[in-house]
Amino acid sequence: MAEAYTRRSPLQHFGLTAAAAKSNAAGAEVLIGESAHRAIVNIRGDGGEAFKAAVRSVTGVDLPVKPNTTAQAGAFRILWLGPTEWWVVTTSGAEEKLVADLRQAFIGQHAAVIDVSESRAVITLSGTKARDMLARGCSLDLHPRVFGPGQCAQTGLTKANIMLDQTDAAPSFDIYVLKSFADYLWQWFWLIGRDYKLAIKAH
Amino acid sequence: MLLISCPHCGPRDEHEFAYGHEAHIARPTLEQQNTMTDAEWADYLFMRKNPKGVHFERWVHARGCRQWFNVARHTVTHEIIKVYPMGEPAPKLEQK
Ligand SMILES: [Zn+2]
Numbered sequence: 001m002a003e004a005y006t007r008r009s010p011l012q013h014f015g016l017t018a019a020a021a022k023s024n025a026a027g028a029e030v031l032i033g034e035s036a037h038r039a040i041v042n043i044r045g046d047g048g049e050a051f052k053a054a055v056r057s058v059t060g061v062d063l064p065v066k067p068n069t070t071a072q073a074g075a076f077r078i079l080w081l082g083p084t085e086w087w088v089v090t091t092s093g094a095e096e097k098l099v100a101d102l103r104q105a106f107i108g109q110h111a112a113v114i115d116v117s118e119s120r121a122v123i124t125l126s127g128t129k130a131r132d133m134l135a136r137g138c139s140l141d142l143h144p145r146v147f148g149p150g151q152c153a154q155t156g157l158t159k160a161n162i163m164l165d166q167t168d169a170a171p172s173f174d175i176y177v178l179k180s181f182a183d184y185l186w187q188w189f190w191l192i193g194r195d196y197k198l199a200i201k202a203h
Numbered sequence: 001m002l003l004i005s006c007p008h009c010g011p012r013d014e015h016e017f018a019y020g021h022e023a024h025i026a027r028p029t030l031e032q033q034n035t036m037t038d039a040e041w042a043d044y045l046f047m048r049k050n051p052k053g054v055h056f057e058r059w060v061h062a063r064g065c066r067q068w069f070n071v072a073r074h075t076v077t078h079e080i081i082k083v084y085p086m087g088e089p090a091p092k093l094e095q096k
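Residue numbers (our numbering), protein chains in the order written: chain A, 1 to 203; chain B, 1 to 96.
Careful: at least some of the hints might be erroneous.
What the hints assert, rightly or not - Far from chain A by the CB rule (all over 12 Å, computed), these chain B residues:
(1) Cys6
(2) Pro7
(3) Gly10
(4) Pro11
(5) Pro28
(6) Leu30
(7) Gln32
(8) Gln33
(9) Arg58
(10) Ala62
(11) Cys65
(12) Arg73
(13) Ile80
(14) Lys92
What the hints assert, rightly or not - Label pairs and their computed distance ranges (CB to CB):
(15) A:Ala19 with B:Pro89: 29 to 39 Å
(16) A:Ala50 with B:Tyr84: 26 to 36 Å
(17) A:Ala112 with B:Pro51: 35 to 45 Å
(18) A:Ala73 with B:Lys82: 34 to 44 Å
Claimed, not checked - Chain A is faced by these chain B residues, among others (derived, beta-carbon under 7 Å):
(19) His8
(20) Cys9
(21) Asp13
(22) Lys49
(23) Gly64
(24) Arg66
(25) Gln67
Keep in mind the hints are simulated off the structure, nothing from the lab.
All C-beta atoms, glycine included, are put in the ideal place defined by N, C-alpha and C.
Take the sequences, apply the hints, and build the full model.
Spelled out as structure tokens, the structure:
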């Protein structure tokens, strides 16, 4: 009999749930945490009307066709990756049904649906100094007049490649990073975080 | 460090891109390959322009949207004169 597969976060060894309980969020300039095992489904297609309609029928989201933007409806969020590539992200555990529903909706179209949930860890960053902290390792202009909620960008953060998604004006960011770089990036945040009042947030 | 304007993402830092060497080198057709000399094949494979001036070259936004595009760049000043899509012929530019 096959062994049950137990998912393990690449940040599990930091014991973030216990650390968050002890962490003092009052007066924190930056809250950092992990949103573990997020469902991420990569979709490819021409982004035309039929493709958009299929995506809308499954997720309720109007496909963001403007480069580096996001759109959300209910539990589904779509991130632009390229002119023919997007991520549909949603709550952990929903990926299998999402993949099946999207494949069904794309029947007859030149499209691809791949579950990539296992490839990325998601580090969350929010608070008044979150932008400052990111700017220490990112060459993007993160000033609110240039980068704000509804925008996303694939870029570099220190030596890691990331997908940066600003989720609100707090500001809050979701940082998608390859799992093999997650430990490195967390430790980099920890190092930079010595210059800020940092607290760990439970998710 | 160059600031390169990705046709999709806008200006991004050079470290987000990878260089794809000289643009507009057409791969010989199968028919041509059958009749080419070794010297002609070697020329296609290895010989590249190395101008002092405007160079037409390919770049890919490797850490971003992963799309390829063409760039006309001055090899002395590094000025990026034009960014244009793959498949488009090299623009006619005044040599500087
Ligand atoms: Zn790009």
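Each hint, compared with the structure:
1. Cys6: Violated, because the least Cβ-Cβ distance between Cys6 (chain B) and chain A comes to about 8 Å, which does not exceed 12 Å.
2. Pro7: Pro7 (chain B) not clear of chain A: closest Cβ-Cβ about 9 Å, inside 12 Å.
3. Gly10: 8 Å, violated
4. Pro11: Incorrect as stated: the minimum Cβ-Cβ distance to chain A is 9 Å, not above 12 Å.
5. Pro28: Given that every Cβ of chain A is farther than 12 Å from that of Pro28 (chain B), nearest at about 29 Å, it holds.
6. Leu30: 26 Å, holds
7. Gln32: 31 Å, holds
8. Gln33: At about 30 Å from chain A, Gln33 (chain B) clears the 12 Å cut-off, so the statement holds.
9. Arg58: Given that every Cβ of chain A is farther than 12 Å from that of Arg58 (chain B), nearest at about 17 Å, it holds.
10. Ala62: 9 Å, violated
11. Cys65: Non-interface label on Cys65 (chain B) violated, nearest chain A Cβ at 4 Å vs cutoff 12 Å.
12. Arg73: 20 Å, holds
13. Ile80: 17 Å, holds
14. Lys92: With a cut-off of 12 Å, Lys92 (chain B) remains clear of chain A, as the shortest Cβ separation is near 27 Å.
15. A:Ala19 with B:Pro89: 29 to 39 Å: Cβ of Ala19 (chain A) to Cβ of Pro89 (chain B): about 58 Å, so the range 29 to 39 Å is violated.
16. A:Ala50 with B:Tyr84: 26 to 36 Å: 29 Å, holds
17. A:Ala112 with B:Pro51: 35 to 45 Å: 40 Å, holds
18. A:Ala73 with B:Lys82: 34 to 44 Å: Check passed, 39 Å falls within 34 to 44 Å.
19. His8: 4 Å, holds
20. Cys9: 6 Å, holds
21. Asp13: 4 Å, holds
22. Lys49: 30 Å, violated
23. Gly64: 5 Å, holds
24. Arg66: 6 Å, holds
25. Gln67: 6 Å, holds
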